[in-house]
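Model the placement of chain B on the given structure of chain A, informed by the hints.
Quick mapping for you: the protein sequence lines, in order, are chains A and B. Residue numbers for the first sequence follow the working numbering, beginning at 1 and rising by one. Residue numbers for the second sequence follow the working numbering, beginning at 1 and rising by one.
Take the hints with a grain of salt, since some may be wrong.
Each pair may be met inside one copy or between any two copies, as identical chains are not told apart.
To be verified - List time: in silico DSS-like cross-link candidates among lysine-lysine, alpha-carbon distance up to 27 Å:
1) Lys2 with Lys146
2) Lys2 with Lys131
3) Lys131 with Lys146
Calculated directly from the structure, the hints in this document are not laboratory data.
There are 2 protein chains.
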Amino acid sequence: MKPWTAHGKKIVARTPIFTLTAEEMRAPRGGRRQTFYFLHAPDWINVVPVDERGRAIMIRQHRYGSRRFELEIPGGAMNPGERHPLRAAQRELREETGYVARRWIKLGDVNPNPAFQRNRLHLYLALGCRKAGAQQLDYAEEIDVKTIPVARLPGLVTRGVITHALVIAALYWLLARPELLRAPRKRRAR
Amino acid sequence: MKPWTAHGKKIVARTPIFTLTAEEMRAPRGGRRQTFYFLHAPDWINVVPVDERGRAIMIRQHRYGSRRFELEIPGGAMNPGERHPLRAAQRELREETGYVARRWIKLGDVNPNPAFQRNRLHLYLALGCRKAGAQQLDYAEEIDVKTIPVARLPGLVTRGVITHALVIAALYWLLARPELLRAPRKRRAR
Chain A
1 MKPWTAHGKK IVARTPIFTL TAEEMRAPRG GRRQTFYFLH APDWINVVPV DERGRAIMIR
61 QHRYGSRRFE LEIPGGAMNP GERHPLRAAQ RELREETGYV ARRWIKLGDV NPNPAFQRNR
121 LHLYLALGCR KAGAQQLDYA EEIDVKTIPV ARLPGLVTRG VITHALVIAA LYWLLARPEL
181 LRAPRKRRAR
Chain B
1 MKPWTAHGKK IVARTPIFTL TAEEMRAPRG GRRQTFYFLH APDWINVVPV DERGRAIMIR
61 QHRYGSRRFE LEIPGGAMNP GERHPLRAAQ RELREETGYV ARRWIKLGDV NPNPAFQRNR
121 LHLYLALGCR KAGAQQLDYA EEIDVKTIPV ARLPGLVTRG VITHALVIAA LYWLLARPEL
181 LRAPRKRRAR
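Pulled out of the complex, with its shape left as it was, chain A reads as follows:
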């Protein structure tokens, strides 16, 4: 199996959250040409935050794509200058919920949509979460924080309450590797 090769690229549109490009691709056999379109965005991060009592720190916000309020986990795009996705994950958790975590575990990184997106989505588990202050939201954000026992999450997904596919992908790890939630607690430095 040989992929098509790229022969020229142009920017179709720039937006604050992604850039759309058109690339001329040529087939490996026969030389047929076709234009492929791609979204270029910074890498994204998602956090599954869990407190000492086994409750997930969830957020509820209006999403303008789906035009409804979505029950989600915290997440967002890496900022320019942010070198490591862990820093972005810690920042998004703090900004969107006001919580901080005692322990961070990288779950993995996935492709939000490998058909036409170039970026990755980095997934983290944040354990021992506790409220450290108020949310830090910008003027366009309005976010409610809800704590939900982790054991209730699968039902919320399969009953169609949690519908954000990228959130569900992160929650996959809690079912596939439940031992992560029982990770030994590190004593906090004093």
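Chain B only, in chain A's frame:
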């Protein structure tokens, strides 16, 4: 919590797989304005196909967004004129793998990305799959079919072999509702 309201929309770009629009949105309080960008695409479908021996019918294809070969489940976009996502799911399974299923179960429908996409992703479980003929691919497609025991899928996700977030979202149901795989077999009509 009140969402922003839309005041005017324009098409920024049309591609064969989605249309990009810009919409002027106004804040519920203060009247501040901001341009939001949206991708409009047909609804998408994904199928988790499983044969009588408990093996998932997976596909491997090059993805031009991630620029790598991805191990996935069959899926794609609904065609114009396709009224029901089940028909699209049956068509994609047949075209991409050559397989047909004895029994179809709707798992749910999710938002591929509710931040800026307007479409839904419909998820199906296809049971009792068997090969019915050759694949039906268009000239731009080259797809390998691989059968993989369902019990091996969680390890392939958490070890980073399966990385397509929308595929992982569909596979969530196999872990959350494993009884679906043990659904009683219907006798085929004779």
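Against the structure, the hints:
{"no.": "1", "hint": "Lys2 with Lys146", "result": "between (48 Å within a copy, 18 Å between copies)"}
{"no.": "2", "hint": "Lys2 with Lys131", "result": "between (51 Å within a copy, 25 Å between copies)"}
{"no.": "3", "hint": "Lys131 with Lys146", "result": "within (12 Å within a copy, 47 Å between copies)"}
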